[in-house]
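Participant: Going down the list, the sequences are from chains L and W.
Residue numbers for the first sequence follow the numbering used here, so the first one is 192 and each next one is one higher.
Residue numbers for the second sequence follow the numbering used here, so the first one is 12 and each next one is one higher.
Accuracy of the hints is not assured; some may be wrong.
Subject to a maximum C-alpha distance of 16 Å in a straight line, what follows is the list of computed EDC-like cross-link-like pairs (lysine to aspartate or glutamate) [stated by the list, open to error]:
(1) L:K295 - W:D48
(2) W:K137 - W:E153
(3) L:K194 - L:D234
(4) W:K241 - L:E226
(5) L:K313 - L:D290
(6) W:K241 - W:E62
Under 10 Å between C-beta atoms, here's a sample of chain L residues computed to sit facing chain W [stated by the list, open to error]:
(7) V201
(8) E226
(9) D250
(10) Q252
(11) A255
(12) W257
(13) P276
(14) T279
(15) Y287
(16) D290
(17) K295
Just the calculated beta-carbon pair ranges, DEER-fashion [unchecked claim]:
(18) W:M245 - L:R236: 19 to 27 Å
(19) W:A57 - L:R281: 28 to 36 Å
(20) W:D36 - L:Q233: 23 to 31 Å
(21) L:R236 - W:P29: 44 to 52 Å
(22) W:Q188 - L:H266: 20 to 28 Å
Rather than coming from a laboratory, the hints here were simulated on the basis of the structure.
Bear in mind that the values here come from a model prediction, so they are computed numbers and not experimental data.
Backbone N, C-alpha and C fix where the C-beta goes; we use that ideal spot for every residue, glycine too.
Here's the letter readout for the chains.
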Amino acid sequence: MPKILVIEDVPDNAEFARRVLTSRGYEMCHAPDAETGLQMAQDERPDLILLDLGLPDADGQTLAGWLRGLPEIEHTPIVVFTAWPEETAREMVRAYGCDGYIHKPVSVAKLSQQVADFLQAKPA
Amino acid sequence: MFAPEPTLVASPALELRPATQFAIDQLTTIYNQARVDYVVPMPMNAARLTEYIQMYDVALEHSLVALVEDQPVGIGMVGIRQGRAWITRLGVLPTQRRHGAGRVIVQAMLATADRLACRTQLEVIKINEPAHQLFLRSGFIEDRDLLVMRRPPGPPTQIPSGETQPLERAEVLDRFQHAHEQAARLPRAHPNRQSWITEPRSLVNADHVSGFAVRLPDGGQGWVIYQEHKLRQMSTMLSHLHLCTEQGEPATVGRALLTQLYQRYPRLDTQAENIAVDDPHLPAFIELGFIESFRRIEMFRPCETRA
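Produce the complete structure using the sequences and hints provided.
Facilitator: Okay, structure coming up:
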């Protein structure tokens, strides 16, 4: 069962992700801020990280930079949640070594499909 | 003073209270809830909001929380510096919008600014059209576009050139203050003019401020000031970058300064806020890997106190 780490500070959004992901059979762990997210990424070794760019203690981009510096999750896909315009989101994702983005507002269908796609594309 | 808004009627039950009546945790919660659906939400925890209040001279006694039936529905903060006011952290809960709460908060903050004989300024995110329109209707005039840029961690791709000289905090702040005073004589939209958050005063209020100077073989010289952010003693990112060219081509001196900076801090993320779109150092920022996150519009409103 793939494990997904959701780093998201808004409780409603985290709960939405939990409902969608667990109903599709994924195991989900949740961090409400960057510091916890960094620790959980190392402890839990998730198969995929869903990262909100707006976090209360450090920006999502900063956290993405830290995560990409961890050898133990070097190949773990990082996918960001963002409401930024498409072009900005694409450029940020590329610059910060993330693997893609899910544009907000997120729907059940979009989240399920994109998570499945990113997990499938993950290197073995 | 305010254009009529026939479709927007503030709830008669709307009450404004000074932010001093709320604990920092409550203010943080209200602010985060009000910005939850923003394109650039910029949430904060209590520690970050406390730092923000201190750094930007936010006067909580003049800042406001709006309530309906005793429940917070919005917030607006005011910074005060020597005859100037700055509106910031304005937000209304998504479920409470379109009822005029934002307009009431802004009007009350402007009345305070007028009472204190302050000219008011602010920056609004360019794609936040409702807020932009609110400020235009409230008498603000657009001044210039400012860039918020990011640079992901990574060493510079060029070999640093020139000789560097470290500058102590006091010395680099002194240089920055001097440059700021010179720029104050320039037209308001001049790229050397600082926005509220990038003024020397903000860095005087901040921790972990450093800088260095560089001298190039061709005679070019300049200096940089920046803030290093820490999270539990770990360096996390650089911000509040200001480049100054004293002699030579700004793009060349800027490139030398930034190359030296990332030679020192190759692992740190950077946010450069409120860089004027016509800043002559901009080519150096782009060359060193900065990318645009979003734009702000700086706006001003004169004091309306009548003698």
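Participant: Against each hint, give a clear statement of whether it holds in the structure.
Facilitator: Consistency of the hints with the structure:
no.	hint	in the structure
1	L:K295 - W:D48	holds (9 Å)
2	W:K137 - W:E153	holds (11 Å)
3	L:K194 - L:D234	holds (12 Å)
4	W:K241 - L:E226	holds (12 Å)
5	L:K313 - L:D290	holds (10 Å)
6	W:K241 - W:E62	holds (12 Å)
7	V201	holds (6 Å)
8	E226	holds (7 Å)
9	D250	holds (7 Å)
10	Q252	holds (6 Å)
11	A255	holds (8 Å)
12	W257	holds (8 Å)
13	P276	holds (7 Å)
14	T279	holds (7 Å)
15	Y287	holds (5 Å)
16	D290	violated (14 Å)
17	K295	holds (8 Å)
18	W:M245 - L:R236: 19 to 27 Å	holds (21 Å)
19	W:A57 - L:R281: 28 to 36 Å	holds (34 Å)
20	W:D36 - L:Q233: 23 to 31 Å	holds (29 Å)
21	L:R236 - W:P29: 44 to 52 Å	holds (48 Å)
22	W:Q188 - L:H266: 20 to 28 Å	violated (48 Å)
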